[in-house]
Every structure is written in structure tokens, then in C-alpha cells.
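For reference, the chains in residue letters:
2 protein chains.
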Amino acid sequence: MDFAEYRLRGKEMVDYIADYLENIRDRRVYPNVKPGYMSQLIPHSAPLDAEPWDQVFGDVEKYIMPGITHWQSPYMHAYFPALNSFPSLLGDMLADAINCLGFTWASSPACTELEILIMNWLGKMIGLTDEFLHSSTNSKGGGVIQTTASEATLICLLASRTEAIQKYRDENETIESELDDAEINSRLVAYCSDQAHSSVEKAGLIGLVKLRYIESDDVYSLRVDKLIEAIECDKKKNLTPFFVCATLGTTAACAFDNLELIGPVCKKENLWLHVDAAYAGSSFICPEFRKWLKGIHYAQSFAFNPSKWLMVNFDCTAMWVKNCEALHRTFNVEPLYLRHENSGHGIDYMHWQIPLSKRFRALKLWFVIRSYGIKGLQNHIREGVKRAQKFESLVRSDSRFLIPAIRHLGLVVFSLQHGNHLTERLLKRLNTQGDIHCVPAALKDKYVIRFTVSSQYTTDDDIVKDWCKIENAATIIISEHETTKFLNVQGEYLTAAKKLGTFGTSLLLSNTPMSPKVVNGSFAAIFEKEDSVLSPWTQWLNQLCNETKFSPNLQKRTRGDLFRSRKQFSLDSRLNVVHQMFFRINSSPLLEFVKNTMNEDEIKEE
Amino acid sequence: MDFAEYRLRGKEMVDYIADYLENIRDRRVYPNVKPGYMSQLIPHSAPLDAEPWDQVFGDVEKYIMPGITHWQSPYMHAYFPALNSFPSLLGDMLADAINCLGFTWASSPACTELEILIMNWLGKMIGLTDEFLHSSTNSKGGGVIQTTASEATLICLLASRTEAIQKYRDENETIESELDDAEINSRLVAYCSDQAHSSVEKAGLIGLVKLRYIESDDVYSLRVDKLIEAIECDKKKNLTPFFVCATLGTTAACAFDNLELIGPVCKKENLWLHVDAAYAGSSFICPEFRKWLKGIHYAQSFAFNPSKWLMVNFDCTAMWVKNCEALHRTFNVEPLYLRHENSGHGIDYMHWQIPLSKRFRALKLWFVIRSYGIKGLQNHIREGVKRAQKFESLVRSDSRFLIPAIRHLGLVVFSLQHGNHLTERLLKRLNTQGDIHCVPAALKDKYVIRFTVSSQYTTDDDIVKDWCKIENAATIIISEHETTKFLNVQGEYLTAAKKLGTFGTSLLLSNTPMSPKVVNGSFAAIFEKEDSVLSPWTQWLNQLCNETKFSPNLQKRTRGDLFRSRKQFSLDSRLNVVHQMFFRINSSPLLEFVKNTMNEDEIKEE
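Protein sequences appear in the order of chains D and H. In terms of numbering that gives the first Met the number 0, the first sequence has 112 at position 113, counting the first letter as 1, and numbering is strictly consecutive. In terms of numbering that gives the first Met the number 0, the second sequence has 67 at position 68, counting the first letter as 1, and numbering is strictly consecutive.
These are computed hints drawn from the structure, not numbers from a lab. A portion of the hints provided could be inaccurate.
Any copy will do: because identical chains look the same in the list, a pair fits if it lies in one copy or spans two.
Said to hold, decoys possible - With a Cα cut of at most 27 Å, we get these calculated BS3-like pairs of lysine-lysine:
hint : residue 1 : residue 2
1    : 293       : 10
2    : 385       : 234
3    : 321       : 33
4    : 166       : 33
5    : 139       : 33
6    : 464       : 443
7    : 139       : 61
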């Protein structure tokens, strides 16, 4: 493709994109395909000769679009938003064309310098304190764009691990100077709420540190008394607490941990406090939502995703630290500092991140902030919240529905009065229809449907239409239920329901604390026909029961305090519990056993 | 910006990009700016009100372009290529507009399925064996797109760590079942050549495993006898070797490790062999360059960057594994498999990577491969190699120059006959001129300039022009040198030269094994005026000498075998050596001392 053809084809693509976004309401938000659909359409080897562009581009509408979940659709209410906007698209077009790699200042000065400036803009916009910003004085704070919030959490956990290992060494120099880093690491303990995102668990696994899930209270906020208790308990075991991840805007219900309560504990115990505000962080550009940020001065690091609600297309995570030297020490052994008058502007970002190289992502952020202005972005956030309020009032007007958690910002969680089982059937029906898309979450023992207002194109009219679809589907589900009395278990516990195999697979769609450790199963979560999910799932559970050999880990976890404390634990932890119970009573038939053990409190430890 | 304005502005951007790339020869490839230039041009806070697009876009040419290192320029010979192409730009435009997050199959089926298919295309194109490909049968192999080669190396090291810990547990169940993962981890040892990329060291730091740098031979290929020796030595210390990273196409000189020799060692010792072919991997689409891939069947994982030489814009790293279950176990505790007939197509890629979410990067890869065809891409690679051959012959025709390492593919390394010091002055002069851009590397004790043929727009004519600039600059440098006899040390050792402070800072530009651990210093590497680098650098060295307190780590490293074995160690290791030496003799003046210790062999261990 030469320059002239690119001019032609690029403009054609601009029109295609404008058409796509302008008419996105006409497309089914969730696609109607089964795994493997594409392998029947596309050759299994690359072409030897060049293909004409018309042929290549024509295949987009034929083979790609039918398999897309349309995240920009007003009918997309699943997960959290992942929005783009025209200024963002233009910024990324330009960044791709320049295609510079910003690992050092020298590898492309503008890439580093714009990132420094824009991270300061953004930090001020959400009300971060000065110590998190780059400054020309001797501040060690600053912001950096990471790929994802998962990566930000991991990096901050690693940085705090480095600090903790060094501190341990300093304090125990004479006694245990022979311990190497990995041995000291085995004593470190991190903490987060049972509502924290699954990426915190991933970070713990990569960092090889112990991670404690602290119980949340009845508004799904981390219980500080339980945090203190856990820290005391670990210290008695001669372990070293080092890191707390607090969440502002949890995945399941957009709940908020209280930094003003957690902060002083971290300060007293000298723990690194990381604040994950992946979704809610965007709202802090509005002063009225900034109340949740109180206590941020206790934190060492903070991250949120402009790639979610701020209309900066994915990927773009804004992360700030108070002391960048902790990052340098993490990715270098004892780094040396070349001191010079401009060192605050001559940052080499390769020392702030896991990959060496980075894209020129500051450009899209710059374009978006300037094209909307702070006021325009505030307006966008407030409109989203208003739509969610509208949806909430519609749900409350129908007595068949419940709203089990306070609505904050743009997320409403709801369920059917009829309990978990029917709520899940409702969700699966909606997703199978494909004209609106939601995912579920588990709030302690309640199965809920999450409805996020995502797109900037969503109107009040869209919200009313969506609600009609939900009400109609509910009417059908309830009527079917009353006719068949199929598995008529009212108000059953989540664990019990999972034992029955009536739900659980749909939770594979949610990246909540109950998120799946079941591999390659997300497709199963969409199907309405219960047979196609229930039967392999039950078969598989039965197969598990018949396996005679268990790993020590599995046994430990099954017997563990996770279970006894009735904390919100992950899907596979729960499955392990089931697994273990079957092991103990593997003579009983599946369903019989489950009915007899509906109350998990009765199950005694071996 | 509404739909109509986007149609207008998008097309304007297409023209701007076409103009930018078409006329890129007119721009200085390396910018003429100092750190902090942008903070004087751009406001320090975000605008309250929206700004008109003309104003936003107008600032690109005013403030951004003057600070860009133009990676697409034919005069860009630094690092390795980071190319884009029109089909790639169009693919990413579309991916950004769709902006779906591909963490699970369900989150956007087309995103996952196209990635599966295209990774099979690409695997076949470079000649990978079937066991690395996705297949509908029970294969556990498959490919995935990662962000960077750094991330691929880290992920494979983590996966092999998981396997090693499990194996250790299985083998020592009765004796040491109480050891936790982090304690077992402290016994693990990884290996790579002293020519491996700096990201291997980063992966080792994150994974908290011991990493041994194995000496390379005189063609910079890992010495297998030394590898065996190191493994035996570690086993005697009761440590557990687990991972080897081999490099195909090293950063410094594009040297190749020999998989047919390393492979059998890994097989015998049951080590995970990861192959990092970040740059050279693209060339394997040409059968004549596939000789280096012999022995790939011994590897557990393989990665290369289509974002380098294949004209797929950054980021895009292709990674394959033989057994994806090792990845699943790394990012999950004991994952459970939902088995179903389509499980090979219903992959949830969140279990194959560090971040939860991923961009729809398969699209740009698909567009590029189809638009060029295999033949077109082969032609592009071969043309690049021909240009490098052309450059090599020009260097050889001038007796003032040396080529200290065999040229493979598109990279030529060269130096002046006059030794390290003058070669570095030549490089700095070229980069300060800014009309061609190169970075250096250190090959054992030799300082070399790396000249990579990167852009697809590079013509033979460009190569000749670049060579003239280099020859002219060399003539000036040599004549200055002969006049002033400034620091006339011929053929000095790298370490000695660093002690003199005459070079070292320029190596901050290279991501080679000698790459910097000096933070925020890359800008200093460009300046020609030695004063501005030399004087703070020497001051800083002197300051180091005067510090009385050293960390135990620093002392250990300084005395360590790194130094005695004369291996290729990193810049800061070398600086630590200097540091330590000054500590011991801190009464001597700097220069006097250095002159007396030019031969590092004479320095005895304490």
C-alpha cells in the first residue's frame, strides 16, 4: 500500500469507524457465535501473495464484526466501561504513526515529557496532593502511564516488597544477614478486602507473597478491625506485614474502602498503602465525588483507569507514587543516580514499569482533556451517574426486584426477589438474547446482576428500553418457574446453589472477588440452555469426587480458615470445598448429599 | 467533537500522517532539545473549557514534533527497528474504534479467535513445530500476543518457576513439605548468556530467583561448557537449576545462541528453555535464515516481536508455549478446567498474561500479513539485509574502521581503529548533529557503534549518504584528536576507560547487557560536549569515593565472581567495582589511581 492508497483507504476507514459508532444501536451488543466459529471462515495458513485491500477490509464486516462484543454500544452494561472518543482515536492514530518507543528520555523526549506534564494535569484534576506529582524541586513523587490497573497493582506490590526486604535486612543485620531476598520474601504478608479485584490475587502469586483477604462489612467496605486483627495475628507468627491494597469502587458493587480508617493503621505499622480506584477514579474530577479520596495522603501509590470512564481508549492506566526510588530499586539492583539540574524532566520511564518500552499514550490523554476541557469531562461523568439513578428508580418501581447494595456512581446491582437461581436464569436469558449485555457478581451469598451505564451515547430512552427488556425477560422466567417449580429452592445460599450446579458458571463472566479460576469456560457463562452448562459441570464435579489423590495444597485450602470464617472466597476455593466434602462422603449421591448440607456451618473441620 | 467533525478531522489526520511519513527525510531524526523543553511550552494545568480542535492539533507540529526521535526515518539506525506500515495503522485504527477488551472469549469472541488463528499463521510462517500451535486435538501448545518481549520473558520465567516449585514439592514431599513456595523459590537458579537482554535481569529480579550470566564465546554465543559447569556448581550447593533463556539475535551484535547445543543440556537437566528472538525472529519467515531455529524442539517457549521488523506497529510480541497449563497454574492457584468440545477455541487469554485485559492486536497483524503476503514480507526482510550488507561493504572499504563482530541480518557494528575513546566521541558527534541516529554497545572490552537498517523507506542512496556523514565526522574527530592528543589512551579497556570517565554515559542509550542502571541519565548520553557529561560524572564518582557507608550487597557484588571471571557485567556492576576500589584507596587522587590500575587483572580480592 503506497502513500496515495493509504490516503484513500485511511479516509475510507474514518468513514467506516464513524458509521460503526453512529449506527452501533443497530448491532446486537453480544454476538451470536459459538467457540470456533471463526476457524470455519478463515484459512488456517497465511496467504503467500498479497491480497488486495478491498478483500482484506471486506472480511471485517463478514467475519470479525459478527463475533464482536460491542463495548461502545449503549446496550453494553457488562463489566465496567471501556470507552473511546474521537479525540482519543485521533491521538492514538498519530501515536501509532510516530510509533516511537519511550523507554528513556532520549528514545523520544516528547513522549516522556508530555507524559510527565499530563500526569501532573490529571493528578491535579482528581485532587491528588502535591507529593504525588512531578515537580522541579526535590520531590520524589510522580505519575506514569501503565498498561492496566493489574499491572499498576503488581508494580506497587513489587516496589513495596523491595522496600520491605531492605527494611528487614536493616533491622536484622547482625542476626540474619545470610538470608537471601527470596527467604525474607517468604515472611511477607499483604492484605486486601474480600471485595478486591482478582488482579490483587494475581499480583500476590507473581510476587510470591502471602495474601490475606480481609472481611468486608455490610456495605462491602474493608473491616478495619479485622485488618488490625489479621496484622496482629501475623506478627505473632513472626511474619512481616508489608502491603495493603485498598479499593475505591469495587468490581462487584462499586463499594469504597475507607482510607481515613485504613491509612492510620498502615502508618502505624509502616505498611505500603496502594489505592486501586480503577473505575471510580475518573469520577474524582467532580468535587462532589472526591469525598472517597479523603485519607489519600496515607497512601504510597494510587492508580485509576482513564481507559474506563474518561473516554481514553484502552490501554491507559494512570499511576502515581510518592517515592519513585522504590520503583527504581525494584527494577534495578542498587541503581546509581546521575544527578543533574534537569533530572526531574529527564526521567527514563523504563525504570518505572515492567516492560522496557512504552507507547506514546500521553498523546490521546492530552487530546481528550483539551478537547473536552475539565468541565466537559465532569459533565460526561455526571450524565453517566444520572442515567444510573434513572435505572435505579426503574428497578425500585418493580416490587419483583431488589437492589442489594447502595448505588454509587454508574453501577446498579439488582436481583430478583425469587433468589439466586432465578436471578441467574434472568441474566442468562438476557445475554442469550444478546440485545443487552450484563455480567453477574456475588455479594457474599447473594447473586446479583450488575448494570453499568457505560457508553457516552446512552440516553434516558435507551435506559427505559433496556429496563423493558429486563422486565419482560423476568416475567417469562418467573412464569416458567412457577409452572415447572424447577429446583424450587428459595433464597438458597450461594455455596449451596453451586453445589446444586444451578449457577456458578455465569460468574465466570465477572472479574469480581468471586471471579473464575476455571480455565477456558467463559463461553459457557452466556448460554441460556441450562443443560449445556449444568450437565458437563455436574459431570465434572462428579468426576472430581471420584479422584482419589489430592494435592496437599488443595486439602490445606479446603480445611482452611477461608471456609470457617465464611469470608467471600473465590469460585475455585468454593469448588474445592465441595470437592473436599465429596471426598469425605463419596459414597453418597451428589444431590442427596447437597440437600443434607445446605447449611455450611454444620460442616466440621477434620 | 461530533460524528461530522470526526469525519473531517480524521481525514485531515490521515493526510497529516501520510505527509509525515512521506517527508520524514526532511526532519532531523534525533531532536535538538534538552530535558524540560516542553514544560516551558505547555501549561502546567488542564484547561477548564474545551479547546477547538485546530488549536489542539496545531500544537502537535509546534510542541510535539520538535521533541520526537523519528523511529520511522531512514536515518534511524539506533536500537532495533520499530516499524509501522499502512495496513498496520489501519488495523489499529479499527481496533481502537471497536475498543473491546479481550480478557475472556466471552468478552469479545472475535478478538480471541482471530488471535488464535493468526498466531497459528505466524508460527507456521517462521517454521515452528506443531507442538507450539493451537490445535483442535488435545495439544496444550499455543500462541498469544504479549505487550513486549520483556513481558514474554518474565511470563515464561514465572511459568517455569511454578513448574519448578511443584516439581520440588513432588520430589521432596515427605522431607520438606512444610516449606512454602517462597522458600523453595530461594533455591532456584536461572541462566542466560552475558549477551542476553537487560529484560532477563529484570525478570529475575521480579521473580526473585538467582540469575547466572554465562560467558559467551568469541562470536558472542553462549558457551555451553560454561553453562554445564555453572549448573554442576549450583547443584553441588544444593540449589535447583530451572530455567535457561537463550537469545537468537542479541541486542549488542545480533549474535545467536546455539539451540542444538543448549537444548540437550536443558533436556537432561529438566530445565525450561525459553528462546528470546525479539529482533531476529521476523527473519525466520525466510527459509535461508531459519538455520538458527534448529533445536527449537527443545524449547518450552519462544517469543519474537512483529513490532520490530515485521512492520506491525508497537506493541505486539508473539509468544508460543508448548504447555499452556504451566501459564494457567502461574496465574491461578490450582485452576480447574471446564472441559468441553470446543475448549481449544474458547480460550480465556486472561490466564496467559499478566494484565487481565488485552487490546485487539491480532487485527493489525492480520491486515499486515494479508496485505503483504508471505512473499512481500520476505522481500522486506531481504531488502533490509541487503542494505546492511551494503553498509558493511562501505565500512570495510575505509581502513580507519573495524567491524568487530560478524554481521548477521540487518545490524552492523563498527568502531574506529583508534579505540574506544574516539569511537565514542564519533558516536556522540553523530547524535549531536542529529541527522543520523545510532546507539553504542559494549562487546566485552570493545566499545562499538551499532548501525541497524530499520525503515522500509531506506534506500541504497540513504545508506551512502549516512556513510558519508559518518566518514566526515570521523575525519574531524581523528584530526581533533591528533591535534590535542586529548587523553591519548589507545586500545584502552572498557573498564579502564570508564574509570577515566571518558565514556560510559553513552552506553546509557543501549539496552544491551551493558545497559545502564543509572537512573534518569539517558539525556547525557547524547551530548557531544564532553564537559557537560564528564564533569558531573567524575564529580559523582568522586562523591561516591567519599561515602563511608556501603551496603553489604554492594560489597558482596564488588568482591564477587562477576569481577574475577571477567564476564560481561552491567554498567553499574562495573561502577561498583570502581566505587569499591576507590573505597580501598580513597587517599589517592582519582586520575592517578586509575592510571596505575589500567589492567584490572592486577586488582586482587581483599
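Against the structure, the hints:
1. 293 with 10: Intra 47 Å, inter 45 Å, cutoff 27 Å: neither.
2. 385 with 234: Classified as neither: same-chain Cα gap 46 Å, cross-chain 65 Å, threshold 27 Å.
3. 321 with 33: Cα proximity of residue 321 and residue 33: across copies only (25 Å, versus 47 Å in one copy).
4. 166 with 33: neither (53 Å within a copy, 37 Å between copies)
5. 139 with 33: Answer is between: at 21 Å across copies they meet the 27 Å cutoff, but 51 Å inside does not.
6. 464 with 443: neither (30 Å within a copy, 70 Å between copies)
7. 139 with 61: neither (52 Å within a copy, 30 Å between copies)
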